[in-house]
Amino acid sequence: MAAGGPGSKTYSFKVVLLGEGCVGKTSLVLRYCENKFNDKHITTLQASFLTKKLNITGKRVNLAIWDTAGQERFHALGPIYYRDSNGAILVYDITDEDSFQKVKNWVKELRKMLGNEISLCIVGNKIDLEKERHVSVEEAEGYADSVGAKHYHTSAKLNKGIEELFLDLCKRMMETAQAEERLRGNGASTAAPGRRGVQIIDDEPRAATAAGGCCSSG
Amino acid sequence: MSSHAEHRRIRVDHSALVCKKGCGYFGNPAWQGLCSKCWREDNQHARSKQVEEDRALAERLQREEEAAYASGQQRALSEASATHLGKAEEKRMSQKSRSVPTVKKFFGSSSKPTLGRDATAAQTKPDASGSLGPQPVVESDQATKHFIDFLKTLQKPGRDIFRQCHSFRHSVAYKKDLGAEELTESIQDFYQSLSDHLNTLYKGTPERVEVVMDEVEKYLTLHLYEQTFCPESSDDEVKDLAIQKRIRDLHWVTVQILCAPLNEEIPAVSDTVVKAITDIIEMDSRRVPRDKLRYITRCSKHIIHGVRRTKREAASADDFLPALIYVVLKANPPRLHSNIQYITRFSNPGRLMSGEDGYYFTNLCCAVAFIEKLDAESLNLSPEDFELYMSGQASPDRLLGPGRSSSSSSSLRGGPGAEPAGAGAPQTRGRRDPDLPTGPGVQQEQSLHRPERDLIEWSDGMERSVQDVLEGLQLEPRSPETGSQPPSTIDSENADCEGLPPPLQPQVFAG
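Read top to bottom, the protein sequences are chains A and B.
The first sequence begins at 1 in the numbering used here and counts up one residue at a time.
The second sequence begins at 1001 in the numbering used here and counts up one residue at a time.
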């Protein structure tokens, strides 16, 4: 849903942040948007909706990052959040095998609901805890390749890999948007975004997962 | 012969088919039995008469208004000698009188009877500040005026925009039997085509287009509110009632069960919760989708403040959503489903896709979806407990009193921030029973019977006191009739009061 005249194009992208509680979604995005980690001086009010303005190869990009509730009990609400999003960042904790399984579930869902229009990033966070790694690099990267996603390793604590992650994602989303424009013609008309009412679809009765979706369980 | 058979088959007399005016052509029941020509003549006549009447009324009101202005101006001139004040007044007046023909021109393009009325209202508006008519009418008329004022700043394109919006509005208002779907479709198509048009008009300044589109949305939704909010053709109302009942049934859900990081024992936090509840309820009273969204955002901001206060760190979505669900449950906002549908249908689509308002609106949709589908598993409760709570036979704060540490209390493991609050806050009701038995089974049985006993006692007590009051009343009617009775001094022995029960003694309650 890029908008604006053809000359000075401003892209607006919506990116959803998915991941189990406690994998560090919030830290990741706070680090990126405000360069803060575990900030005890509470100047940041919220980390659930953040925006960032970028300039990539002369093109202006407005990034809106939507945090989502990661608790298991809210899993069925996913589609409401990632409707019409251009990109998704799926975060797992490299020390937690379960959180990687969750990422796989989300990928499956996203592909089913949004097809290939959405740029996916799978992010292994907490690489500062390399010693306690439970998800192997080969497995994660292999999986990402198999579903057409990119894989990144980050550490919000050490501020590693985060800039690259977002920059890469923006470039990919721009490519998608441009390709779409070419497809539509001169790109004179702005996208007519789907505007149907909210729908919740969870036709897949998920296996009764063990309780403990609460973030204190991690 | 054949024509005779035909007549018999449809059983309609020939005279019923011809035009009632007797012009010889066939009439049509849709035109009150007239033929098309006679109907048009008739209708035109009535219509132009109506327009004329309206115009006359408008002119009369305008004259009155001007007279009022003139007298006001004179007073201003005589009372305050400051001449520039008078000049300013004069300027305003001349601007006003100049604006009148413009308004007329705007409305002159079509000849619908309502137009004249609109113009009238727009003109009389300055002295109608005492809100003469019903509120909504005044509001939508003000909207028209505001809209025209706004479009004037756009010069010529403004006039085009107004003409488009105006005719669109009337075309929609005319089609009363449109279903919600078609209504949405046509309004969204209109937004789309208008914004396309504006995008070519104001190339390279999307901000400007956005401002215009906001005004267009405001104008249209204010005028079509009755028709578009909770339309009759949809089942919105039924769903409203369903969600309302659902929320009422879930009254027992606490912050702890939801793991919402809101510690209401901190006064500042409970304050923000109250503010959030107020805002989400207030949302219903707004008529423009954008205003409704603004209230949702305000509500969300209050919640975020509360979460941050409790957790002492920035609120993430993991914290925010449960807290929002809690607030929605506490508030039980009126016509929740209708409001959400209204916003989704008639808001400019771009606003819901991106932007902060869109984010919080999405969260509200999530909260509602969660509440609708909520079950024992999603609250980490055992199905038995859930059933018990839902049927109102027990409530979590009772069962979780001291001495009970079964499965359900372990489910109370709150979010990190909620833990200090523990089982504290919701205990107040349970605490009133000092004789709380220790055995869980006994307690449950007791707690099941106690309300029953309480109820019986209460109704007996009520009956007694009502009897008492009635006895007292029987003596009453005499006193108003004896109008000449001297005013009784409060503390004197009064014969009339003998039948009344003795005054209440404070000691009775102390025991």
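The hints are simulated quantities; they were obtained by calculation from the structure and are not laboratory data.
We treat Cβ as the ideally placed atom computed from N, Cα and C, and that holds for glycine.
Treat the hints with caution; some may be incorrect.
What the hints assert, rightly or not - Some chain A residues near chain B, calculated using beta-carbon distances under 8 Å: (1) N35; (2) F37; (3) K53; (4) N55; (5) G58; (6) A64; (7) D67; (8) A69; (9) R73; (10) F74.
As the list claims (entries may be wrong) - Not close to chain A: a few residues of chain B, all C-beta gaps over 12 Å, as computed: (11) R1047; (12) K1152; (13) V1368; (14) F1370.
Verification of the supplied hints:
With a cut of 8 Å, the hint placing N35/A at the interface with chain B is violated, because the nearest CB-to-CB distance is about 13 Å. Against a cut-off of 8 Å between C-beta atoms, the interface hint on F37/A is violated, since the closest Cβ of chain B lies about 11 Å away. Taking 8 Å as the C-beta cut-off, the interface hint given for K53/A is violated, the closest approach to chain B being about 13 Å. Annotation: interface hint on N55/A violated; nearest CB of chain B at approximately 17 Å, more than 8 Å.
Annotation: interface hint on G58/A violated; nearest CB of chain B at approximately 15 Å, more than 8 Å. Interface hint at A64/A: satisfied, since its Cβ lies 5 Å from the closest Cβ of chain B, which is below the 8 Å cut-off. For D67/A, the suggested interface contact is upheld, since its CB lies about 4 Å from the closest CB of chain B, less than 8 Å. With 8 Å as the threshold, the beta carbon of A69/A comes within range of chain B, its nearest partner Cβ sitting at about 4 Å, so the hint holds.
Of the supplied interface hints, the one on R73/A holds, with its beta-carbon coming within about 4 Å of a beta-carbon of chain B, less than 8 Å. A cut of 8 Å between beta carbons decides the hint on F74/A: the least distance to chain B is about 6 Å, and the hint holds. Under the 12 Å C-beta cut-off, the non-interface status given to R1047/B relative to chain A holds; the minimum distance is some 37 Å. With a cut of 12 Å on Cβ distances, K1152/B stays outside the contact zone with chain A, its closest approach being about 26 Å.
Chain A draws V1368/B into its interface by the beta-carbon criterion, the shortest separation being 9 Å against a cut-off of 12 Å. Not every Cβ of chain A is farther than 12 Å from the Cβ of F1370/B; the closest lies at roughly 6 Å, contradicting the non-interface assignment.
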